[in-house]
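Engineer: Here's the letter readout for the chains.
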Amino acid sequence: MKTPAIAKLAWLALFSIAVLMAEGHFLAALAAVLIIAAFMLGAKPGKLLRMLLPALPFIVVISAFQWLFAGPAMAALTLVRITLLYVAGSVVTATTTETEFIDTVERLLRPVSTLTRTDIGRDIATMMMLAIAFLPIIKEEHDSIRLAQEARGVSYAGFRGLIKGEIAVIVPLIYGLSARTDRVATAMEARCYGIKK
Amino acid sequence: MSLKAEDVSYRYPGAGGPAISSASLEIGKGELVVVCGKNGSGKSTLIRCLAGLIKPSQGRVSIDGQAPEKARRAIGFAVQFPERALFERTVCDEVAFGPRNMGLPPDEVDRLTGQAIDAVGISRDLMSVAPRSLSYGRKRLVAIACAIAHRPGYLFLDEPAAGLDYEGRTRITGLIKSLKAAGMTVIVASHDPLDLLDICDRLVVLDGGRVVADGPPSVESLGRAGITSDTIELARRLQSCGINVREAFSPEALADSIVEALK
Amino acid sequence: MIEVRHVSLSYGKTPALKDVSLCVRPGEFVAIMGPGASGKSTLARVMDGLYLPDAGDCLVDGVSTRADPMRARRLVGLVLQEPDDQAVARRVADDLAFGPRNIGAADIPERVAEALLQTGIAHLADRDIGSLSGGQKQLVAIAGVLAMRPAYLVMDEPTSLLDSDGKRAVMDAVATQKHAGRGVAVITQDPSVAARADRVVVMSRGSVVAQGPPAEAFAKVPPGLIGLPEMTRLSNGLRDRGIAVKRLWLTVDDAAEELCR
Ligand SMILES: Nc1ncnc2c1ncn2[C@@H]1O[C@H](COP(=O)(O)OP(=O)(O)O)[C@@H](O)[C@H]1O
Ligand SMILES: Nc1ncnc2c1ncn2[C@@H]1O[C@H](COP(=O)(O)OP(=O)(O)O)[C@@H](O)[C@H]1O
Ligand SMILES: [Mg+2]
Ligand SMILES: [Mg+2]
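If you read the sequences in order, they're chains A, B and C. Note that the working numbering has the first sequence beginning at 1, numbered continuously upward. Note that the working numbering has the second sequence beginning at 1, numbered continuously upward. Note that the working numbering has the third sequence beginning at 1, numbered continuously upward.
In case anyone wonders, no lab produced these hints; they're calculated from the structure. There's no promise every hint is true.
Said to hold, decoys possible - Under 10 Å between C-beta atoms, here's a sample of chain C residues computed to sit facing chain B:
| no. | residue |
| --- | --- |
| 1 | M33 |
| 2 | A105 |
| 3 | P109 |
| 4 | A113 |
| 5 | L117 |
| 6 | S131 |
| 7 | L132 |
| 8 | Q136 |
| 9 | L161 |
| 10 | Q189 |
| 11 | G227 |
| 12 | T232 |
| 13 | L238 |
| 14 | R241 |
In this text, a Cβ means the ideal position worked out from N, Cα and C, and glycines have one as well.
Chain A on its own, in the form it takes in the complex:
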């Protein structure tokens, strides 16, 4: 049986609140809850791992800052919390198609839409979908420009090389992305986004 998206979102909300409030042993219990939930929803461990790996550096950096400012205990707590939240989010996204997700968000926000007599629910839902689609695009574009610059002899070795190399990536990346957002907006219009039903 397929769990409805709304149940998954509700679970994610409750779980997130619990993670932010819990400490010590309770966190271990929540980790167990997460593993059971992943199993019940049928999330594939390999896929979860692949989703987690690219986020790990950020999680580590954030925790490192915590260490500097709030000490090792706080850093460890932050590390565990963010990881749990991230994996919980991944479990939901990995087992929910965007169409289900968008429909649910739209349904949840329908009262707001009715109240304000706008399509705000649908707009927010679409923005979330775009954000999901756009993040990997930024990385993909970054990687492909970097490959192009490496092909032109940019070396990313050492601190100076990295900084210089990243500048040669970021300039065309920003150019490319802003032209791209324009074109994506046009493409959405061409596909009747925002048309009155």
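Dock chains B and C with the ligands against the given chain A, drawing on the hints supplied.
Structural biologist: Below, chains B and C with the ligands without anything else, positioned relative to chain A:
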């Protein structure tokens, strides 16, 4: 002096199967090699491995007897849609970017930049304009000038004609011809190689990541790449109705052959 | 019918279209060719009601896009030139559902399945669009518009990155549309695509410079402006070599018929 790939395989992290499986090739100095095959057959992946931009998961590549990392100066590479990575304020700085990265002295950089711009057939008057203000076809030429500025012995071009109009494609074909004439080894990945068949020495055909044909272009090897053309089809029809024409890839070559056969 | 009547349009000071007229009738396949920057993509956007002309008018089934651009957008399905920039979702099937949902379609899953089949990418339904090749993205963009079942289909260089299989899928989709009585306009640099059209329109610097059935248009067009079909190049080549050729060839059949005699 040659580029050698022995039993090269490549698998993208997280991908199901390998994108390239045990490819072996040897490319001699001065050759023009076209790598073709359907979408997703592994053309881009193979030439990236050959150029040392990505490291094969298995097997090895050597360039003039050296590991690719050690032979960076021998390699020029224009990725697919290379114009997307242009970023300097002027065409001149853009083309000089590579040679400067190689730490060459300024007068040498200037000389190489000028030569590269001449080689791709862009007027030197455009050296001080912004690359972004150029037409699409010109941008592509600037991007190729960037790849040849340090005078590499081996030049890799990934789909150099993709998205260009007729004039742009004609210029690219002409450019490849002149680079070959100047002694450069050129390796082109293309899903639509018909324009290059008359000038290339070798056609390497990929199918599902494997090299399934490697030799002078022939109707048979093109068939393996899923490529047919009206010219090839007509030559066959003419042979079967008794007009003895040669195998031809361009309509112009077929016209010559028809004239001969009709005499 | 899509009727473009004496349309002019500029981007600031850059004129993109100058007094352009053409039409696409139901059940007709029109190919639009021309060098870069000749205004083809701008014209496509005018036909879809995305851009309103500065002068002149564009009518879709008799109603001006100026009067009701949304109606034009719904009737005319437009596939834009850059396949990378048309995906709005991450999963292929979710992306195809976007257009139908916007027009309030009831049978979204059926439409998505049909569009996947028509473009030959049913096996990609669950793939992440980011992991697809350029050619595959091009097919996804086309499927996304087919799923809206538009009355007219306008495609901007839809086969530029496609191999022979992909090209065949697109040409089959064009034939299906035509058969169902829907008008199709395809902007293309590929003369073999244009050779199969009912009519070819050639543009240069914002104006139409040749227009007519393919053989007529290819005969009229200034040399070097666009690529010609291989068989047309052959008939021209034979003429240049002093062999009398009765008419301009478009297809292998044309050529074989005359030569095998
Ligand atoms: N960055 C990537 N991550 C995962 N798979 C990839 C990536 N790039 C290419 N592939 C896959 O590798 C195979 C070969 O791709 P590619 O070399 O780009 O083919 P071609 O250039 O012949 O179209 C394809 O199946 C493609 O989906
Ligand atoms: N968004 C835009 N802003 C400014 N100028 C543009 C824009 N889009 C196109 N142009 C200009 O309009 C002209 C026609 O462009 P376009 O319709 O894209 O031609 P084509 O599709 O035939 O290459 C070109 O000179 C181009 O530079
Ligand atoms: Mg490729
Ligand atoms: Mg265009």
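Engineer: For each hint, tell me whether it holds in the structure or not.
Structural biologist: Results for each hint:
The beta carbon of C/M33 is positioned within 10 Å of a beta carbon in chain B (closest approach about 9 Å), and the interface hint is therefore held. Hint on C/A105 is violated. Least Cβ distance to chain B is approximately 30 Å, over the 10 Å limit. At its closest, the beta carbon of C/P109 sits 26 Å from a beta carbon of chain B; the interface hint therefore is violated under the 10 Å criterion. Taking 10 Å as the C-beta contact cut-off toward chain B, the hint placing C/A113 at the interface is violated, the least distance being around 22 Å.
Checking C/L117 against chain B by beta carbon gives a least distance of about 18 Å; that is not within 10 Å, so the hint is violated. Annotation: interface hint on C/S131 holds; nearest CB of chain B at approximately 8 Å, less than 10 Å. The beta carbon of C/L132 comes within 9 Å of a beta carbon in chain B, closer than 10 Å, and the hint placing it at the interface holds. A least Cβ separation of about 7 Å between C/Q136 and chain B falls short of the 10 Å threshold, and the interface hint therefore holds.
Because the beta carbon of C/L161 sits about 6 Å from the nearest beta carbon in chain B, less than 10 Å, this interface hint is met. Because the beta carbon of C/Q189 sits about 6 Å from the nearest beta carbon in chain B, less than 10 Å, this interface hint is met. Given hint, C/G227 at the interface with chain B, holds; its Cβ is 4 Å from that chain's nearest Cβ, closer than 10 Å. Against a cut-off of 10 Å between C-beta atoms, the interface hint on C/T232 holds, since the closest Cβ of chain B lies about 8 Å away.
At a threshold of 10 Å, the smallest CB-CB gap from C/L238 to chain B is about 5 Å, leaving the interface hint in force. Taking 10 Å as the C-beta contact cut-off toward chain B, the hint placing C/R241 at the interface holds, the least distance being around 5 Å.
The structure fails to meet hints 2, 3, 4, 5 from the earlier list, while all remaining hints are met.
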